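J.: In case you want the letters, here they are:
There are 2 protein chains.
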Amino acid sequence: MTNNDFDLKSYFADKTIIIKNELTKIINGSNVSGQLLRAMEYSLLSEGKRIRPILCIAAAESVGGKQSDILPAACAIEMIHAYSLIHDDLPAIDNDLLRRGKPTCHAAFNEATAILAGDALLTLAFQVLSSVKLQNNTDSVIWLKIIHSISTAAGYMGMIEGQMRDIASENSQISLLELENLHSLKTGALITASVEAGAILANASFDQIEQLKVYSEKIGLAFQIADDLLNIHGDPNITGKPVGTDKARKKSTYPSLLGIVESEHYAKKLIKEALHALALFDNKSDPLRAIALYIIERKR
Amino acid sequence: MTNNDFDLKSYFADKTIIIKNELTKIINGSNVSGQLLRAMEYSLLSEGKRIRPILCIAAAESVGGKQSDILPAACAIEMIHAYSLIHDDLPAIDNDLLRRGKPTCHAAFNEATAILAGDALLTLAFQVLSSVKLQNNTDSVIWLKIIHSISTAAGYMGMIEGQMRDIASENSQISLLELENLHSLKTGALITASVEAGAILANASFDQIEQLKVYSEKIGLAFQIADDLLNIHGDPNITGKPVGTDKARKKSTYPSLLGIVESEHYAKKLIKEALHALALFDNKSDPLRAIALYIIERKR
Numbered sequence: 000m001t002n003n004d005f006d007l008k009s010y011f012a013d014k015t016i017i018i019k020n021e022l023t024k025i026i027n028g029s030n031v032s033g034q035l036l037r038a039m040e041y042s043l044l045s046e047g048k049r050i051r052p053i054l055c056i057a058a059a060e061s062v063g064g065k066q067s068d069i070l071p072a073a074c075a076i077e078m079i080h081a082y083s084l085i086h087d088d089l090p091a092i093d094n095d096l097l098r099r100g101k102p103t104c105h106a107a108f109n110e111a112t113a114i115l116a117g118d119a120l121l122t123l124a125f126q127v128l129s130s131v132k133l134q135n136n137t138d139s140v141i142w143l144k145i146i147h148s149i150s151t152a153a154g155y156m157g158m159i160e161g162q163m164r165d166i167a168s169e170n171s172q173i174s175l176l177e178l179e180n181l182h183s184l185k186t187g188a189l190i191t192a193s194v195e196a197g198a199i200l201a202n203a204s205f206d207q208i209e210q211l212k213v214y215s216e217k218i219g220l221a222f223q224i225a226d227d228l229l230n231i232h233g234d235p236n237i238t239g240k241p242v243g244t245d246k247a248r249k250k251s252t253y254p255s256l257l258g259i260v261e262s263e264h265y266a267k268k269l270i271k272e273a274l275h276a277l278a279l280f281d282n283k284s285d286p287l288r289a290i291a292l293y294i295i296e297r298k299r
Numbered sequence: 000m001t002n003n004d005f006d007l008k009s010y011f012a013d014k015t016i017i018i019k020n021e022l023t024k025i026i027n028g029s030n031v032s033g034q035l036l037r038a039m040e041y042s043l044l045s046e047g048k049r050i051r052p053i054l055c056i057a058a059a060e061s062v063g064g065k066q067s068d069i070l071p072a073a074c075a076i077e078m079i080h081a082y083s084l085i086h087d088d089l090p091a092i093d094n095d096l097l098r099r100g101k102p103t104c105h106a107a108f109n110e111a112t113a114i115l116a117g118d119a120l121l122t123l124a125f126q127v128l129s130s131v132k133l134q135n136n137t138d139s140v141i142w143l144k145i146i147h148s149i150s151t152a153a154g155y156m157g158m159i160e161g162q163m164r165d166i167a168s169e170n171s172q173i174s175l176l177e178l179e180n181l182h183s184l185k186t187g188a189l190i191t192a193s194v195e196a197g198a199i200l201a202n203a204s205f206d207q208i209e210q211l212k213v214y215s216e217k218i219g220l221a222f223q224i225a226d227d228l229l230n231i232h233g234d235p236n237i238t239g240k241p242v243g244t245d246k247a248r249k250k251s252t253y254p255s256l257l258g259i260v261e262s263e264h265y266a267k268k269l270i271k272e273a274l275h276a277l278a279l280f281d282n283k284s285d286p287l288r289a290i291a292l293y294i295i296e297r298k299r
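Here the protein sequences come in this chain order: A and B. Its first residue numbered 0, the first sequence is counted upward by one per residue in numbering that gives the first Met the number 0. Its first residue numbered 0, the second sequence is counted upward by one per residue in numbering that gives the first Met the number 0.
Identical copies look the same in the list; a pair holds intra-copy or inter-copy alike.
With a straight-line Cα cutoff of 30 Å, these simulated DSBU-like cross-link-like pairs (lysine-lysine) come out: (1) Lys212 x Lys132; (2) Lys298 x Lys271; (3) Lys144 x Lys24.
Please keep in mind that the hints were generated in silico from the structure rather than gathered at the bench. The model shown is predicted, which means the values in this text are computed figures rather than measured ones.
All chains should be built: construct the whole structure from the sequences, respecting the hints.
T.: This is the structure:
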């Protein structure tokens with residue numbers, strides 16, 4: 000039931016504006032001002048792909064959910080993603096000075112401000128998730144479940160452990176299995192939590208949630224392989240990131256372990272499996288299908 | 000109704016063990032191992048005063064609450080406190096190498112690990128707060144409220160903004176009002192959230208919560224004044240921290256703005272007001288009364 004004519008460009012443009020507007024509204028909704036807030040805004044409102052919040056909304060819509068019910072979760076997840084980028088870029092971790100073609104947070108402000116702005120975005124995510132207007136008491140059980148799922152994915156059993164393994168893997172050869180585990184923690188866990196949160200908030204059935212999780216795990220890995228490939232033959236003017244840094248850091252990547260051609264082949268196989276997981280979904284999941292294809296075709 | 004014979008030493012000893020056992024149980028409850036977990040444990044399970052979780056439990060008990068219902072909140076708050084210490088100690092912020100007489104987290108491990116262990120403890124706090132066994136749906140509304148209150152206190156409108164102001168205040172003279180605002184954000188907000196969380200979870204009345212908040216704001220400020228005084232004439236063998244660092248950093252402190260004698264006087268006045276806020280509470284709040292007195296008499 001795939002509609003190949005689905006206009007993903009317009010879909011991304013629409014959702015990106017809605018998400019940015021909501022993020023802006025949240026972050027300007029306080030009386031706070033000063034450097035901390037400016038650093039948070041600088042990183043959160045910069046031009047990202049917004050892939051996680053869009054997946055959250057698209058997953059909800061694929062099972063008939065309403066976008067407005069999902070926005071707090073979508074925004075909280077983007078805040079967690081933004082914080083993780085700020086901290087990953089720090090001198091003690093990746094020591095990156097450019098992100099999306101702009102100075103990274105610590106380069107634009109200073110290191111102390113970047114550490115604290117990251118901390119503040121992570122904390123704000125949970126403030127947003129616990130500030131939702133509840134229609135009834137059952138709602139509150141669902142939101143607690145969402146907070147649990149997101150904090151587990153983002154924490155020491157998920158994203159942060161993935162980042163630790165990523166640091167440890169520099170200058171050392173790891174196996175394909177170790178690389179796959181690393182990425183399923185570092186990027187996969189939060190991508191899956193994004194899709195799961197959208198599905199839960201849209202009252203998806205158990206079976207639907209399971210299929211959507213398979214979809215998200217497959218595209219999560221494919222996303223990382225595409226990232227690795229862009230680090231080899233991407234255009235820095237489009238990606239906003241320098242190329243060749245993985246090789247310079249002697250990082251184990253899919254291309255370094257499998258070769259370029261085999262990596263491309265593997266990414267395509269994963270996307271096919273992701274699409275297969277949506278076989279029983281109707282055309283409301285065309286955005287999810289189009290996103291899966293986009294992930295390996297993207298230039299940034 | 001104050002009982003001056005209240006044995007605070009035994010009370011602290013009991014609660015400290017209970018809190019440490021619970022923190023140990025939580026942090027060892029996963030399948031995770033490795034350096035990230037070791038760094039989290041190193042900081043979280045070191046010998047702290049546990050003043051925030053003890054206040055949380057004591058506030059609950061003052062209105063008839065049961066300790067076991069409060070423990071998840073008490074532990075989550077201690078995790079947030081532990082994370083804030085790890086990040087504050089980092090080279091880019093306070094650049095401290097000793098904490099409680101032991102190497103700070105980044106000194107014992109490395110900077111990247113300390114940043115991520117802090118992130119992980121902050122995230123784990125929300126995982127704990129959203130993992131509670133719910134007796135009924137009303138419970139879930141209360142826990143969402145607790146998550147909201149704690150995240151607000153710990154975030155960019157509270158503790159983190161206080162830390163930003165603390166950094167900005169080094170090498171610059173600020174007014175007493177600015178100093179008071181700084182500390183009510185940096186330490187006061189989380190202390191108040193600790194007391195409030197305990198009270199809410201124990202089903203305290205609106206009036207009781209308001210009085211407990213007054214109590215916590217007063218002791219929070221007094222706590223900071225006592226810290227400033229210990230930085231002048233504390234014993235490093237007891238405090239585990241070097242003395243004279245505030246003066247060396249040209250930080251504005253209560254003693255630097257008010258003088259030592261006037262600062263001691265002010266702290267005593269605040270404690271008197273804190274005790275006054277508990278005037279209508281019965282002897283179940285003796286621990287809170289004893290803690291208030293301890294705060295200005297403590298040697299560490």
